[in-house]
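Chemist: Generate the whole structure from the sequences, applying the supplied hints.
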Amino acid sequence: MQIDLQGVSARHPAARASAAPAVQGLSLQVAAGEQLAVIGPSGAGKTTLLQLLACALRPSRGQVLLQGSDPWALPRRRLQALRGQLFLAPQTPPLPPRQRVVTAVLAGRLPAMSLWASLRSLFYPSDIPAAHDALDRFDLADKLFERVDRLSGGERQRVGLARAMLAPARLWLIDEPLSALDPTRSRQAVQALVTGARDQGITLVATLHQVDVALAHFPRIVGLRDGALAFDLPADQVSPERLARLYAQHEHELLGAPPAAEPPPAAAPAPVVMHCR
Amino acid sequence: MSTLRAPPIAARDPAWAGRVLWWSAALVLLWPLAVATEFRPWVLFEPESLRVTARFVGSFFPPAIQGEFLALVARETWRTVAIATAGMTLALVLAVPLSLLSCSALSVSALAGDMARGPFWLRQLVRWLLVVLRSVPELVWALVFVRVVGLGPTAGVLAIALTYGGMLGKVYGEILESGELQPTQTLLRNGSGRVQALAYGLLPQNAAELMSYTVYRWECAIRSSAVLGFVGAGGLGQQMDNSMKMFNGAEVATMLLVFIALVALADRISGWLRRALG
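Chain order of the listed sequences is A and B.
Sequential numbering from 4 applies to the first sequence in the working numbering.
Sequential numbering from 10 applies to the second sequence in the working numbering.
Source of the hints: derived by calculation from the structure; they are not laboratory data.
Check each hint, because a few of them may be wrong.
[What the hints assert, rightly or not] To give a feel for the contact side, a few chain A residues facing chain B, derived at Cβ under 7 Å: (1) Gln83; (2) Pro93; (3) Pro97; (4) Arg101; (5) Ala110; (6) Leu113.
Predicted, not measured: the structure shown is a model, and the values here were computed from it.
Virtual Cβ for every residue (Gly too), placed ideally from N, Cα, C.
Modeler: Encoded structure:
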């Protein structure tokens, strides 16, 4: 799906009116099928950007164009149909604890299912092979019939990502997919996402805290800082200096940057900062 | 002494004055309420009252266990359970659609900012309807229906259905809105329909609470059908009314024991369902 942001500003609905908008005057073009990673320190507006693209948040200024048209000009029913083509995976996996994994994964397909088919699928899962295949990409095939509350945090996060594989979406918006994963699982999960998106011709926008993972797997890197675009470059042109400037005063979040980057300050190597929406 | 002056220790807890104020305000407010309700508990312990109470309670023993009477009680118990169950079923038919209409967690327009005006007013309207349904006591509905459909269980069923429909609709809506909403909202944001989001997000999140509240209300409906029996809506309550009018404490005691058994049963069912769903 082709994206065109034109001077977009937005604030979270719950934010105080006096607070600065989370995203300010942002312009960004993404071609269909492109894959890009959004990096930047905490509070840079990465999640807000994804919510704007998912039509979950209405821009207060500027325009979001998806496939060249403004989704907010659509009647509500058409907008909801369009949302079915956008898949937003929030950072905290949105899984009811008492649900089984197979149901949680198949829920990704709901926008493409009739009401009757989706209710029937609660009695007998409609497409077990597809759910199995999606989980297998994240090395979770053996958890197919487990309950969500029996899974670890990292497993839940990967179940949330596996849901994307079944969504009838043209655009994947993945928020911090690796926040609960160890390095090996991270690489595997990113690889599964990137490959899955490429195979199905899906546009992929992911926010990432792991700069090294972003540089290694994504051809295009967007740096956000204070709600504005810091840079928008091919991955091989993102220099350590740019990263240092992007993360100035947030150096501890730059863990795992390319080796040439300045070493993080001597302070205790903090774990990657996790922050909720 | 250190060179840095520590802030002076407050002489008193600053929240103290407010606490005293609110407690005294509550007591001052309670006083007229006690006067208005003629609340004089010591009357209970005057010798004359004690004698009346002792005679009434004493007549409960031993409970009546004649075979013929027990058969009657069994039949009426079955009828009471039937009234409560049928009333609850009708109440559910009313409450489920109304609570889904009034539940803001399933609003698509509220996903991005404020709810749209049309759906907002629809929700308010449904809420008012629920208020009207449950603010009329089931006793009053029963008196109305006894006049319309005559003496008998039908009046009780309809009365329970209307009042409990209002209560269930309100509380279901509140249970659905009070849980973790993120799974449901994510489904809606990703383009699911409302009923789909309900089935895949809200219900698995809240099934145990909804179930336990429903069973509790069924228990209340059993009790309530006893009261409705007093105005002629059939069931155990009507028998109890008859026995009380005849000052037959033994029969009243048997029927009270049946009620205790029914409530205990509801409690066990509820616990079992919660374990199964939790």
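Chemist: Hints first: check each against the structure and report whether it holds.
Modeler: A quick look at each hint next to the structure:
no.: 1; hint: Gln83; result: holds (6 Å)
no.: 2; hint: Pro93; result: holds (6 Å)
no.: 3; hint: Pro97; result: holds (4 Å)
no.: 4; hint: Arg101; result: holds (5 Å)
no.: 5; hint: Ala110; result: holds (4 Å)
no.: 6; hint: Leu113; result: holds (4 Å)
This entry satisfies every hint, going by the numbered hints stated previously.
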